[in-house]
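Undergrad: Sequence order for the protein chains is E and L. Taken in order, the first sequence gives residues 1 to 372; the numbers are from our numbering. Taken in order, the second sequence gives residues 1001 to 1287; the numbers are from our numbering.
Careful, some of the hints might be misleading.
Stated by the list, open to error - What follows is a list of derived Cβ distance ranges for each label pair: (1) E:G131 - L:A1077: 29 to 35 Å; (2) L:T1132 - E:D17: 42 to 48 Å; (3) E:E119 - L:A1077: 42 to 48 Å; (4) L:I1107 - E:H122: 55 to 61 Å.
Said to hold, decoys possible - Interface residues of chain L toward chain E, partial, derived using beta-carbon atoms under 7 Å: (5) C1179; (6) H1180; (7) E1182; (8) A1183; (9) K1185; (10) D1186; (11) L1187; (12) G1188; (13) A1189; (14) G1190; (15) P1201.
Stated by the list, open to error - Here are a few chain E residues that sit away from chain L, every Cβ distance over 12 Å (derived from the structure): (16) R177; (17) G281; (18) E303.
In case anyone wonders, no lab produced these hints; they're calculated from the structure. A virtual CB, placed ideally from N, CA and C, is assigned to each residue, including glycine.
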Amino acid sequence: MQNDAIITLENVSQEFDGTKVLHDINLSVRNHEFFTLLGPSGCGKTTILRILAGFEIPTTGRVTIGGREATALPPHRRKVNTVFQSYALFPHMTVFENVAFGLRMSRTPREEIRARVSEILHMVELEGMEGRKPQQLSGGQQQRVAIARAAVNKPLVLLLDEPLSALDAKLRRQMQRELKHLQRRLGITFVFVTHDQEEAFSLSDRVVVMDQGRIEQMGTPIEVYEEPVNLKVAKFVGETNILDAEVLGQDLLCPDGSLKARVEGEERSCLLKAKRPFGEGSRVKVVLRPEDLIVHTHRPSVEAGLSLEGVVDETIYKGTTYDIAITLKTGKKLLVTEFFDEDDEKMIVAAGQPVFVTWIKGWEVVLPDDQA
Amino acid sequence: MTRPNLFKSLAIGGTTAWLALFALLPFLLIVGVSLLTRDPSAFVSAELSVQGYRNIADEGFLRIFLDSLWWAAITAAGCLVLAYPFAYGLAKLKTRRKNLFLLLIIIPFWTNSLIRTYALIFIIKSQGLLNTALLGLGLIAQPLEILYTDTAVLAGLIYTLLPFMILPLYSSIEKLDPCHLEAAKDLGAGRLRAFWEVTLPLTWPGILAGTMLTFLPALGMFYVPDVLGGAKSLLIGNFIKNQFLTARDWPTGSAASVVLTLIMALLLAFYSGSTKDRPRQTEDLGA
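Using the sequences and the accompanying hints, generate a full structural model.
TA: Below, the structure is given as structure tokens:
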């Protein structure tokens, strides 16, 4: 992992007026990867980006870019470029002048500037807009100019600070696809900052989930979604159902260390798949995604595993899916998402109807009860 | 007529009447007088003549006029050079300190500027504050002879007009979005380059406004050379004053006033033309 790292942060901490906003961050970004910093606002993701750009110098720790020490290197001497959240296009310059700015600063010959600007404007589909001022462009067009202005310099890494947050939902999805294509075509490493989990997952090769200045989890979108390491991550990425359980014992015969546990609302004990050991009597949380749950109108057979009794609160038709909100006997609310299956009509339930909920065995995630 | 309409008509009508009575009418009188004949006994006699204009068409007046422009230009440039760093620093201060400094700039306005000009004499005269301090510190052996020189006039003009440069500069620098400067640095511009390419063009409206607010008044500030320059006729304002009060040649003074007003109007027209097609600051960008 270290050998093809284009960016590394080692024990990076940042303080503002005595308040620590980053705690001992260690991460490395691989060359050509689409790397996303995901987290709620104020989690420190933008601070990391600003440290990479050189706008802030970390209180402690070390930064390398392209294998070279860059902790205190000023922004104009780094081979990285930024796409700002507000775009920060120069209002007194035309689109051409904006995009050519970086090349002009690096004393690129006039002819080459012309060629490279028109090439990148072609890539972001802005041909013919060269003479316009930023104020004469739509939000989406300004966004493209901002990306072109940064990418035209062929940086080692392109830093993107919530670049799509100002766009409406439809344009946003379109720009997400274009960003992904652009990243492949340019072959540049992207470090992307967002608070939108769906956006992070659909674009990224790897995601870092951050909260309160700390890295909670780093991994591929699939890893983060399916194997969250704690409740914080589980709750932040996507919808979750969380059941309380008590560990009765660890079954050492099972290879993946199944837990014998009692889940709330059910007298019988059951086996849960756990990635780590838990002591007898400890309280744990069982995390289940809405799409992992199955709703039955009749009590399922014992082989189906644990079945939790409850009553349907409401059903929400969403086109491709069908959401069912259920209150269990224990009072806990569950959300179930069913995908339509044309050969199966069992899913027609109505509010007030008693139901039984099971889940696909082995898809549960057992986490310590850390009260996140 | 509804109330808001009544208010609107009163507000606009009142101001218009005021300006017509005390600005337009006197100006028309001046234009009129400039076309009459000089009469030492009764100020002017009602006989049409262009002698006033003929008088100022000679070389002497042209020299005063060019000198005047030159002095006003140096004053405006001096104000700009002094005010820009100050306004820049001011705009970057924390709000509380910022307000304190703004107050300090405005306080001198509470005193009449003629009185403040006289006060300058006590600072720069031979045995004044400045010389006493410099002599006391051993920095100079002989007192500096500043009073009644061109230096004193320039110092007086810059001193009087400096706030009119600082305030518009401050307001345009404060509106600067720091992200533009960051973008410039991100794209490879060093400090100086970023200033030249981004900060300066984006604060251009403030520079122009400040220049107008210092250059134009400097042309007519006759009392500063009168008080500090030993009554030398340096500025066109002094020339006009002298024509009216000393030479008693009202048509010539009026003619000079008309020419000065026209020049100012031209400059203002140029100014508004150059700011009109300039992009506003960046509020309409982004979100």
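Undergrad: For each hint, tell me whether it holds in the structure or not.
TA: Cross-check of the supplied hints:
no. : hint                         : verdict
1   : E:G131 - L:A1077: 29 to 35 Å : 34 Å, holds
2   : L:T1132 - E:D17: 42 to 48 Å  : 45 Å, holds
3   : E:E119 - L:A1077: 42 to 48 Å : 44 Å, holds
4   : L:I1107 - E:H122: 55 to 61 Å : 59 Å, holds
5   : C1179                        : 4 Å, holds
6   : H1180                        : 6 Å, holds
7   : E1182                        : 6 Å, holds
8   : A1183                        : 4 Å, holds
9   : K1185                        : 4 Å, holds
10  : D1186                        : 5 Å, holds
11  : L1187                        : 4 Å, holds
12  : G1188                        : 4 Å, holds
13  : A1189                        : 5 Å, holds
14  : G1190                        : 5 Å, holds
15  : P1201                        : 5 Å, holds
16  : R177                         : 23 Å, holds
17  : G281                         : 53 Å, holds
18  : E303                         : 56 Å, holds
In this structure, every one of the numbered hints holds.
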